[in-house]
Structures are given as structure tokens and as C-alpha cells.
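For reference, the chains in residue letters:
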Amino acid sequence: MQFIILFTVLVSTYLMIIAKRTPALIRSFRYQSFCLFMATFIIALHEHGLVLYIIAALLFILKVVFIPHLLYRIIKKIKASEDLGLFINPQLSLLWALGFTYLSWVFSARLIGPDNEVKVIMLSVAFFMVLTGVFLMIFRMTAFAQIIGLLVMENGIFLLASMVSGGMPFFVEIAIFFDVFVSVLIMGSFVYKINKFFTHIDVNKLSRLRG
Amino acid sequence: MLDTLLKQFFIFDSLSLFFLGVIFIISLPSAIYSLGYLKGECSFRKIILSWTLLVLFVLSMAIIVTISNVFLFLVAWEIMSLVSYFLVVFDTTHEKSIQAGTIYIIMTHIGTAFLVAAFMMMYKYAHSFDFVVIKNACLAMPAPVKDSIFLMLLVGFGTKAGIVPLHIWLPYAHPQAPSHISSIMSGVMIKTAIYGIIRFVICLLGVNSSWWGVLILILAVITCLVGVIYALMERDLKRLLAYSSVENVGIILLGLGLSMLLLSLNMSYLAVFSLMAGLYHLINHAIFKGLLFLGAGSVYKATGTRDIEKLGGLIKRMPQSAVYFLIGSMAISALPPLNGFVSEWLTLQAFFLSAFNSAGGTRLFLGICASLFALTSGLAAACFVKAFGMVFLGLPRSHYAENAKEVPLSMKSGMFFLSLLVVVFGLAAAGIIKLLVKVSAVAMNIDIGSMSFSLNNFTLPAQAGQSIYLSVPMLASVLLVTGLLGFVAYLLFNKGKLVIYNTWDCGYYKLGPRNEYTGTAFSKPFRIAFSFFLLPYRKTQKVRESFYHIKSFAYETRTTFVFKKYVYGPLVVFILRSAKFMRRIQPGSIHLYLAYIFSTLLLLIIFMYKF
Chain L
1 MQFIILFTVL VSTYLMIIAK RTPALIRSFR YQSFCLFMAT FIIALHEHGL VLYIIAALLF
61 ILKVVFIPHL LYRIIKKIKA SEDLGLFINP QLSLLWALGF TYLSWVFSAR LIGPDNEVKV
121 IMLSVAFFMV LTGVFLMIFR MTAFAQIIGL LVMENGIFLL ASMVSGGMPF FVEIAIFFDV
181 FVSVLIMGSF VYKINKFFTH IDVNKLSRLR G
Chain E
1001 MLDTLLKQFF IFDSLSLFFL GVIFIISLPS AIYSLGYLKG ECSFRKIILS WTLLVLFVLS
1061 MAIIVTISNV FLFLVAWEIM SLVSYFLVVF DTTHEKSIQA GTIYIIMTHI GTAFLVAAFM
1121 MMYKYAHSFD FVVIKNACLA MPAPVKDSIF LMLLVGFGTK AGIVPLHIWL PYAHPQAPSH
1181 ISSIMSGVMI KTAIYGIIRF VICLLGVNSS WWGVLILILA VITCLVGVIY ALMERDLKRL
1241 LAYSSVENVG IILLGLGLSM LLLSLNMSYL AVFSLMAGLY HLINHAIFKG LLFLGAGSVY
1301 KATGTRDIEK LGGLIKRMPQ SAVYFLIGSM AISALPPLNG FVSEWLTLQA FFLSAFNSAG
1361 GTRLFLGICA SLFALTSGLA AACFVKAFGM VFLGLPRSHY AENAKEVPLS MKSGMFFLSL
1421 LVVVFGLAAA GIIKLLVKVS AVAMNIDIGS MSFSLNNFTL PAQAGQSIYL SVPMLASVLL
1481 VTGLLGFVAY LLFNKGKLVI YNTWDCGYYK LGPRNEYTGT AFSKPFRIAF SFFLLPYRKT
1541 QKVRESFYHI KSFAYETRTT FVFKKYVYGP LVVFILRSAK FMRRIQPGSI HLYLAYIFST
1601 LLLLIIFMYK F
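First to last, the sequence lines map onto chains L and E.
Counting from 1, position 125 in the first sequence corresponds to residue 125 in this note's numbering; the numbering is continuous, with no gaps.
Just so we're on the same page, this note's numbering is the position in the second sequence counted from 1, plus 1000.
Please note: incorrect hints may appear among the correct ones.
[What the hints assert, rightly or not] Computed Cβ-Cβ distance ranges for the label pairs, DEER-style: (1) L111/L <-> W1211/E: 48 to 58 angstroms; (2) L1604/E <-> I88/L: 48 to 58 angstroms; (3) M1582/E <-> I88/L: 22 to 32 angstroms; (4) H1109/E <-> V11/L: 50 to 60 angstroms.
[Unchecked claim] Pulled a few chain E residues facing chain L out of the computed Cβ check, cut under 10 angstroms: (5) L1054; (6) V1055; (7) L1056; (8) L1059; (9) I1550; (10) I1590; (11) H1591; (12) L1592; (13) L1594; (14) A1595; (15) F1598; (16) M1608; (17) Y1609.
[To be verified] No more than 25 angstroms apart at the CA atoms, straight line, and that leaves these computed lysine to any residue pairs for SDA-like: (18) K79/L <-> I1590/E; (19) K119/L <-> Y1593/E; (20) K1039/E <-> P1408/E; (21) K119/L <-> Y1609/E; (22) K20/L <-> F1598/E; (23) K119/L <-> Y1490/E; (24) K193/L <-> I1590/E; (25) K193/L <-> P1587/E; (26) K119/L <-> L1604/E; (27) K193/L <-> L1594/E; (28) K20/L <-> Y1593/E; (29) K20/L <-> S1599/E.
Because the hints were derived from the structure by calculation, they are not lab data.
Heads up, the beta-carbon is just placed ideally off N, CA and C, and yes, glycines get one too.
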């Protein structure tokens, strides 16, 4: 079961890499978050911990329902182009992503050791997600990609914490959720403002703001 | 509780106590002096600020010389640097202060960086910041590590002490601070660097190769000569004093370097002797340089200018200050029987004695050092003839000097106290030497129970190999008697021949401020003699109406600051250029910045995979 979920996470991350339009990216993010929710929920079922149920529920509400919804609404509101603005085309991005997968696998194999294969795969998927998040932030032009990239990184860290080390302390987890929630709100309003001032949300063109 | 804390973090051996004494001897009169000096100069709130900074400054220096923990030493060192920076820029109305402060803070932090590096290397071997542990760890340190620590300490402390070519900040920062602060900075602050060298190199690290002492000696000789030559050329009174501080730090380092050399040659008696000479000059310099800075401050307070060419004739307008300045000038020119004479004489004797007791190259080297040191003393005397003569004698060269008034009592009392010390430290040399020998023996951890250092009987030669003899009171009385006899003879045989005439007129009849002898003219022979170093240039500009009639004539002469032009100028240009080059990696694109982070991450992973 765990492997299936990890595999779907991987696939959804690949989908993000090849996405050309913002709604597709958000949709893939939704799939990814849902997979994470499933994984957490299954662990909760196994261990019957109230804390884990709460975390799973928060995950579902925040990352599967609220944040994608908010982003969709902003897209509709600002009426900007749905194009993500790619520095690197989908095919080449996919190649990069394959490279990342290999790299993160090698990295986690070295880190954990070859005998514990389950953990190696978990760690490499988590690490791959973090790398992909940064990749999205760098090679996509619009501010939406930056937000989603950050969220993907956060998902990766969540996966890392919950599956490799059995979850972070409850209060830390709550704090992180709150953090993500607030940061998405702030970044959303920033995107809104940037669009208002510059009539685009292309981060690439903000370089003339430097001192 | 307090007792254990004191024992844990402080040391009060005689070396520390000696420096503590130096600090308070100079700070006290300077503080009293500042009462009058700051009155009317700035607002009440600023006076309060100046007192707060002064107290912090003195306190930080006191901590520096007594602390026994490297980490806390650095903290106190940094507090001292920062507080002195604020004192340099205290006079915010002048743009020059800001510039001087900037140069000072950059240089002092370069020095501190070297100190931090050296201390970290010590920590690596000792795993503790405590002096005692470090001292034990240094015994087991490999020689190359010791050498590099020594070099870093030398650069670090040398920056603060003003060793050439790291002296660049000193002539900017010292004159710009208020005068009582200049006197503390020049008199005491640069001495904390000497303390650092003694404490960390001689006490903790331990001298293990003779080239350390040789290096310090070479640097010291260069420092002496460069300092005094620049001082001779200077026309700003306080900058002249600052350059002279550079020179005197060189003299102190001569004693210090000689003792390190002798220590590595296993000549412990002379090592103690020469360090004692260095320490003696240290306290003497603190006293008379403090006095001279206070005197220069009085001149500044009374006239509003520090330009020697605009002063003159002040001896009639402020006679007491003139006497104090004269005493300081005589002391720094090493005239007997004042204190500067004793310490310079002792340093020279240390050189001669060690040259007599060594052979071959060492002997030659020490001889050369001694001769260059003697040259320095002579030039210093010339320099202060210029300083005193041009400021206090002759006719006033501008309205600044004409309207001068004697300074208030608090300023005079500060100077009086230091003048008294100048005389006392000259006349009581025999007793002070005995005290300082103990300090220097503690610093080098040498047992002096079997040695005798008294100068008033002939016991010194037994161990030194040559006989030397000095009795300052006797010298003083001989000078006094000769002077009196000369005066009596003058009164007896010269009556009736006395002609009262215009000052410095020399038969010219109409000498005015504009055609009077000036400081620049006085220093011209030296400018020519040292032209290979000073690289003077002159610019003349004639505007002719016809061949026979010149309408106007402009003449300008300057000396080139070799270190500024050929060392620091190119360095600054290089740094600015590379900074401009580095700016290219900051185009302002968020994507690029993220890419930097990302590629670093990837590289680190690949790096980990490789190794």
C-alpha cells in the first residue's frame, strides 16, 4: 500500500514538472497532497493515534481543499494568462527530473545504507519532491510557480518527517500548517498586488526593482 | 564568589599591574584636562557622552591588560576598538573625522581578524580559552604552527601599535579625536598592543626561533625611521605627534625584539635588561606623549588651529603651557636628565652590550640597528625643535596665534602633573629600573635572584661583560651647575653688550609674519637628505606680463606618501574592482538567486556522493 502511494506521489510530481499551464500545476498539487493525506490516514488507522487523525484532517482541509481553491480563485480574479512561462520546456524538464530522481536515490542510499530498502525509497521520494519544488521555483516564470514550488518543498519535508522518522511533534506540525496557511495567504495577496502594479505576475521582470 | 571569579578570569601578575599603572597614570590627568578642554566646545549632553565613552575606554583597556581568558580578551579588545572609534568621530562637525574614523575602523578590524585567527589556532591545540592551559598547550605545538601564530599575532597587534606599514590609520585617527583622548590613545591604547605581544608571544607562545626577534627588530627600525621622517615633514601639530608615536612604538619594539632575540640565544640577563629598557620607554612615552598631546590640545583650544605654519610666538601669550610643552619636547628628544633620555640610553646600552657579547652576523646586525636607532633619536630632536620653535617662538604668523589666551586651570593642572612625572621618571631612574626588571623577569619567566641590575654601582658589568654607569641626579646637578656657571659668567662679562631687538629679525629690520622662518623651511634639509624616501616634488607657476615683469608666482611643494601611494592605493583600487566584478553575480533576478541555492545544494550532494 505504501509503495502505491509513494508511486502516485512520484507520478503527480512528474505531472507538475511537465505542466505548462497554472491550473494543471495546481491540480497536480492537489493530487499530490491527497496522496500525502492518504498516507497519513493509513498510518493513523494502523496506530490509532488521535494526533495523526487530526494531522491528516488538517492536511486534507488545507492542502487538498483550501489552498488549491484559493489559488484557482486568484487565477480567475486577476485574469492573467494561464501560461506558466517556461524557461525549460517540458521534455527537457522531464530529463532533469529523471536526473533528480537518480540523484536523490543515490543520496538516500548512501545516507541510510543499502539494507533498508523501504526507507531508502521513502527518503528518495521525499528528497526528490524537495528538489522538484526548487526546480519549479527556478525555471518557471510566474509567481504562482513560486508558491506551488514552495508548497511542493513543504510536502516533501512533510513526507520526510512523517514516513522516515514517524512524524514531527504535534505542535511543530500544527505550527508548520499554520505557517503554510499564512504564507500562502500572504503570497496570494502579493501576487494580486504585483499583478495590479505591473499588469503581469512574471517574476523574471522584477529585476529592475533592485537597488 | 567575586573572589573566585577574579581568580578564574583575571591575572594580576606584575606585568598586568605595570600596564594597569600606565593606563591610570595617563588617564587621570587627561580626564582632569578634559574638564577645561570640553567646556564651551560642545553641549552638556555631549560632554556627558564623552565622559561615558572615556570611562568605557579606560575600563576596556584595564580589562585587556588583566584578563586571563582569550575569548574575553577579544571582547574587551573589540569594545576598546569601537569606543575609540566613537571617540575619533566625536567631533562630528568635521568631515575629516568621519574619514579618519573609517580608516581607523577598517584597519583595526583587519588587525582583529588576524587576532581571531591566531586565537582560534591556539584554541585548536589547547581546547580552552584559559591562558594557563594555552601556555601548556603551546609547549607541545609544532614549530610551523607556532611561526604562523606568531606572524598573525604580529600583524594583529602591529596594526593597533602602528608598526610600519600598518601605521596608516594612526596619523589620521589620533589627531582627529579630542586632545585628551588623543593623549590616551597615543599614550596608552597603542601600548595595549605591546602588552598583547609581550603576553601572547613571550609569555604564552614562547620564543623558539631567533628570526622572530630579528623580524621585530627590522620592523622596529623601519618604524622608527619612517615615523620620525614623516613627523619632521608634518605641519599639523597633532599629526606630527601621532607620527612621533609611530617612531616611539618602534623604539619600544626595539627593546622588545632585542629581548626576544637574546632569549632565543640564551642570554637571559641581557634579555631581561633589554625588555626592561623597552618597558621603561613604554611608560616614558606614555607620559611625555600624553603631555605633548595635552599641550597641543591647549594650543588648539587657545588658537583654533593645529597648523604649525599659522602659529608662532605663543610663549609670550601662554607661558605655562609653553613650559609644559617644552618639558615634553625635551623628554621626547632624549635630553638629560629627563625620562626619555634614560630609556633611550638604556635601549642603546642594551644594543651595545648584546653586540659585544655576540659574534659575526648578529654583532653586525645589532650594530646597524643601534646606529639607525641613534639616527632616529637625532631626527626626533630636530623634529621637536621644529615643533616647539615654530609654535611657541618667533612672531605670530596669523591672527589665530595673535589672539591666543592662556588655558584654564584644569588643563594646566593635567599638564603639570605629567610634567612632574617626566622629571620624576628621569631623576628616580635607579629605583624604577629595579621595579621594571621584576616586571620583565615575570614576563619572560626568568629567575633574577642571582642577577643585579642596579645602575648606581658597578655591579652590572659582572654579568653584562662591559661596564656601564649612569646616575641621572648627578647628571642633572652637573648640568645645573654648568648652566648656573654659564649664566653667572654671562652676567659678569656680558654687561652692557645687551641689545634688545625684534624677535628673529637677524638684522633684517622689517620681519613680519609673512617672511618669517617656517616649519617647512626648517625641515627642508631633511626633505633633501631623505628625498629617496619622501619623493618630494614641487610645482612653480609663473604668470608673466612681459619678460622682465612677473605678475604672480606660485610655489608648491609636497612629499609623496610612499605607503599610501604604492601600497594602500593599489590595494583599495583592487578591492573596489573585484567588488565591482562580484556585483555581476547579483543581477536582481529571483530565479537566479534560487538557482544559486539549488546548484549549491546539488553540488553538495554530488560532492557527498563522490567522497
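For each hint, the structure was consulted:
{"no.": "1", "hint": "L111/L <-> W1211/E: 48 to 58 angstroms", "result": "holds, 50 angstroms"}
{"no.": "2", "hint": "L1604/E <-> I88/L: 48 to 58 angstroms", "result": "violated, 22 angstroms"}
{"no.": "3", "hint": "M1582/E <-> I88/L: 22 to 32 angstroms", "result": "holds, 27 angstroms"}
{"no.": "4", "hint": "H1109/E <-> V11/L: 50 to 60 angstroms", "result": "holds, 55 angstroms"}
{"no.": "5", "hint": "L1054", "result": "violated, 39 angstroms"}
{"no.": "6", "hint": "V1055", "result": "violated, 40 angstroms"}
{"no.": "7", "hint": "L1056", "result": "violated, 35 angstroms"}
{"no.": "8", "hint": "L1059", "result": "violated, 40 angstroms"}
{"no.": "9", "hint": "I1550", "result": "violated, 55 angstroms"}
{"no.": "10", "hint": "I1590", "result": "holds, 5 angstroms"}
{"no.": "11", "hint": "H1591", "result": "holds, 5 angstroms"}
{"no.": "12", "hint": "L1592", "result": "holds, 8 angstroms"}
{"no.": "13", "hint": "L1594", "result": "holds, 5 angstroms"}
{"no.": "14", "hint": "A1595", "result": "holds, 5 angstroms"}
{"no.": "15", "hint": "F1598", "result": "holds, 5 angstroms"}
{"no.": "16", "hint": "M1608", "result": "holds, 7 angstroms"}
{"no.": "17", "hint": "Y1609", "result": "holds, 6 angstroms"}
{"no.": "18", "hint": "K79/L <-> I1590/E", "result": "holds, 24 angstroms"}
{"no.": "19", "hint": "K119/L <-> Y1593/E", "result": "violated, 32 angstroms"}
{"no.": "20", "hint": "K1039/E <-> P1408/E", "result": "holds, 10 angstroms"}
{"no.": "21", "hint": "K119/L <-> Y1609/E", "result": "holds, 18 angstroms"}
{"no.": "22", "hint": "K20/L <-> F1598/E", "result": "holds, 22 angstroms"}
{"no.": "23", "hint": "K119/L <-> Y1490/E", "result": "violated, 108 angstroms"}
{"no.": "24", "hint": "K193/L <-> I1590/E", "result": "holds, 17 angstroms"}
{"no.": "25", "hint": "K193/L <-> P1587/E", "result": "holds, 23 angstroms"}
{"no.": "26", "hint": "K119/L <-> L1604/E", "result": "holds, 22 angstroms"}
{"no.": "27", "hint": "K193/L <-> L1594/E", "result": "holds, 22 angstroms"}
{"no.": "28", "hint": "K20/L <-> Y1593/E", "result": "holds, 23 angstroms"}
{"no.": "29", "hint": "K20/L <-> S1599/E", "result": "holds, 23 angstroms"}
Violated hints for the displayed structure, listed by number in ascending order: 2, 5, 6, 7, 8, 9, 19 and 23.
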